[in-house]
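Chemist: The primary structure of each chain is shown beneath.
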Amino acid sequence: MLALLLRDLRLATRAGGGFGLSLAFFLIVTVLVPFGVGPEGGTLSRIAPGILWVGALLACLLSLDRIFALDREDGSLDLLATAPIPLEGVVAVKALAHWLTTGLPLTLAAPVLGVLLHLPGPGFAWLTLSLAAGTPALSIIGTFGAALTVGLKRGGLLLSLLVLPLYIPTLIFGAEAARRGGEGLATFTPLLMQGGITLGALAILPFAAAAAIRVNLR
Amino acid sequence: MLSTAAGTASQDAMSIWEYANPKKFMQTSAWALPWVTGLAVVTLVTGLVWGFFFTPDDYRQGATVKIIYIHVPSAMMAINAWAMMLVTSMIWLVRRHHVSVLAAKAAAPIGVTMTLIALFTGAIWGQPMWGTWWAWDPRLTSFLILFLFYLGYIALWEAVEDPDTAADLTSVLCLVGSVFALLSRYAVLFWNQGLHQGASLSLDAEEHVADTYAWPLWVSMAGFVLLFVTLVLIRTRTEIRARRLRALEARERMA
Chain V
1 MLALLLRDLR
11 LATRAGGGFG
21 LSLAFFLIVT
31 VLVPFGVGPE
41 GGTLSRIAPG
51 ILWVGALLAC
61 LLSLDRIFAL
71 DREDGSLDLL
81 ATAPIPLEGV
91 VAVKALAHWL
101 TTGLPLTLAA
111 PVLGVLLHLP
121 GPGFAWLTLS
131 LAAGTPALSI
141 IGTFGAALTV
151 GLKRGGLLLS
161 LLVLPLYIPT
171 LIFGAEAARR
181 GGEGLATFTP
191 LLMQGGITLG
201 ALAILPFAAA
211 AAIRVNLR
Chain U
1001 MLSTAAGTAS
1011 QDAMSIWEYA
1021 NPKKFMQTSA
1031 WALPWVTGLA
1041 VVTLVTGLVW
1051 GFFFTPDDYR
1061 QGATVKIIYI
1071 HVPSAMMAIN
1081 AWAMMLVTSM
1091 IWLVRRHHVS
1101 VLAAKAAAPI
1111 GVTMTLIALF
1121 TGAIWGQPMW
1131 GTWWAWDPRL
1141 TSFLILFLFY
1151 LGYIALWEAV
1161 EDPDTAADLT
1171 SVLCLVGSVF
1181 ALLSRYAVLF
1191 WNQGLHQGAS
1201 LSLDAEEHVA
1211 DTYAWPLWVS
1221 MAGFVLLFVT
1231 LVLIRTRTEI
1241 RARRLRALEA
1251 RERMA
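As you go down the protein sequences, you meet chains V and U in turn. Take the first sequence: its letter number 161 is residue 161 in my numbering, and every next letter is one higher. Take the second sequence: its letter number 44 is residue 1044 in my numbering, and every next letter is one higher.
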C-alpha cells in the first residue's frame, strides 16, 4: 500500500501529472472574484471564506478524473484490482494520494489567497483548519465519483454533475466554520459536523467506490 | 445463495418476489393498469376540482391558497419517488431482480418532474405571499438539491452503455446519494439558521390547514400517488419491452 501511495505521489508530481494545475486554478478563481464583485474591501472580506471554500472545491474537482482514468488506460487498474491488497484499500490509498497532492496544497495556499480577499484576521486559522478537516472528505467523495465514471469515454462533465451535489454538506459546514471563525463566533459545532462527515465518508465510501470499480471492470 | 432464495420463493406461492419475474409482472400490471389509471383520474379530478372550485378563498391569501392542491402533493411525491428508487435499487443490488431496477429507472424522470412542479408552483405561490420568487429557505434549498441528485442519477443512466453495468452503478449512486441528500437536508437547516433568522417563511401544511382545505388536499394527494403508480407502471412496462426488443434484435444478429 505504501508502494502504491509513493507511486501515485510520484506520478502526480512529475511532469504531466498536473500537480500545480489545481493550485493555479485556485489562484485564478480567487483573482477573478474581485473583478466580478468589485474591489471594495468590506464586501470582499465578508464573502472571502465562502469564495475560498468554493474555489478550493472547484480546484479539487478539476483533478478528480485522473485518479483512475490514467490507470484504466494503461491497464494498471486491472492489476490493482487483482492485487493481493483489497480494492477498498487501493481506493483509500488513491484518495489519500489525491488529498496529499491536491487537498493539502490547497489548504496551505488558502491563507495566502485570503490576503488577496481581505480575509478578517482571526479567519485565517479557522479557514485553514476547516479546509484541513474538509478537504479529505472532498478527496474521498471525489474518488467515489471517479470510480463511478471510470468506464466512460467522456466522463469528466458527468463526474462533476455526480460529485458536486455530494459536496454540498461538506461545503456548508466548512464555509460556515470559516465564516464564524472570521467573525469571532463559536466554530465548534460546524467543525465537529464537518469532521463527522469526513470520517463517515472515509468509513463508507471506499466500499462503495470499490464496488463501482468492480462493476466497471467486469 | 441465489438458488436457496429462488427455492423459498417457489415454495411460497404468495411471495411478492413472484412479481420480480418480468412475465408475471407484465401480466399483473396489464391487469392492474386500467384500474389504477381510472382511480388516478377519478381522485385527481375530484381532488383538484373540489379544491379549485368548491373551497372558499382564504381570508389572508385569497385564491392563491389553491395552488396547495398541486404544490403539496407534488412535493410529497418528489420525495417518495426517491425513496421508492432507493428501495428498488437495494432490491436490485441484493436480489438481482431486473424489474426492480427498471422500476427505479422509470421512476426517476417522474420524480424529477414532480420536483420541478413543486419548485415552480412554490415560486408562483411565493411571489404574491412572500413577495419573492425564491428564498434560500431550508425547504426550498433542499428541493433544489434533490433536483440535482435526480439529474445526476438520470445522467448516469444515460451515460453508461451496458444496461447491467448502468443498473449497478446507478443503484450504488442512489444509495450513496440518499445518505448525502439526507445530510444535505440537515446541513441546509443548520446553514440557514446560521445565516438568517429561522424559517419563518415555511408554511407547514398539515398543521395550519383548516378542514375545508384539508379534505380535498388528502384526495389530491391520493390522486398524485395513484398518478405516480400509473406512470411508473407504464414506464416500467416500456423499459421491459425495450429490453426484450433489444434481446430479440441481438438474437437475430447472432442467427
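Take these hints with a grain of salt, some might be off.
Listing some non-contacts, in silico: residues in chain U with all C-beta distances to chain V over 10 Å [unchecked claim]: (1) LEU1044; (2) MET1090; (3) GLN1127; (4) PHE1149; (5) ALA1181; (6) VAL1188; (7) LEU1226.
Listed below are several chain V residues computed to face chain U (Cβ distance under 8 Å; list not exhaustive) [claimed, not checked]: (8) ARG14; (9) VAL31; (10) LEU58; (11) ASP74; (12) ILE168; (13) PRO169; (14) PHE173; (15) LEU199; (16) LEU202; (17) ALA208; (18) ALA212; (19) ASN216.
Derived from the structure by calculation, the hints contain no laboratory data. Glycine included, every Cβ here is placed at the ideal spot set by N, Cα and C.
Chemist: If a hint holds in the structure, say so; if it does not, say that too.
Modeler: To see whether the hints hold, each was checked on the structure:
1. LEU1044: Since the minimum Cβ distance to chain V is about 31 Å, U:LEU1044 lies beyond 10 Å and the statement holds.
2. MET1090: holds (13 Å)
3. GLN1127: U:GLN1127 is indeed farther than 10 Å from all Cβ atoms of chain V, at 26 Å.
4. PHE1149: violated (5 Å)
5. ALA1181: With a cut-off of 10 Å, U:ALA1181 comes too close to chain V, as the shortest Cβ separation is near 8 Å.
6. VAL1188: Non-interface label on U:VAL1188 violated, nearest chain V Cβ at 7 Å vs cutoff 10 Å.
7. LEU1226: The claim holds: U:LEU1226 sits with its nearest Cβ about 30 Å from chain V, beyond 10 Å.
8. ARG14: violated (31 Å)
9. VAL31: violated (26 Å)
10. LEU58: violated (16 Å)
11. ASP74: Hint on V:ASP74: violated, closest Cβ of chain U at ~21 Å, above 8 Å.
12. ILE168: Where the cut-off is 8 Å and the nearest Cβ of chain U is about 5 Å from V:ILE168, the hint holds.
13. PRO169: Holds, because the Cβ-Cβ distance from V:PRO169 to chain U comes to roughly 4 Å (cut-off 8 Å).
14. PHE173: holds (6 Å)
15. LEU199: violated (13 Å)
16. LEU202: violated (13 Å)
17. ALA208: Holds. Min distance 5 Å.
18. ALA212: Cβ of V:ALA212 sits 5 Å from chain U, so the hint holds.
19. ASN216: holds (7 Å)
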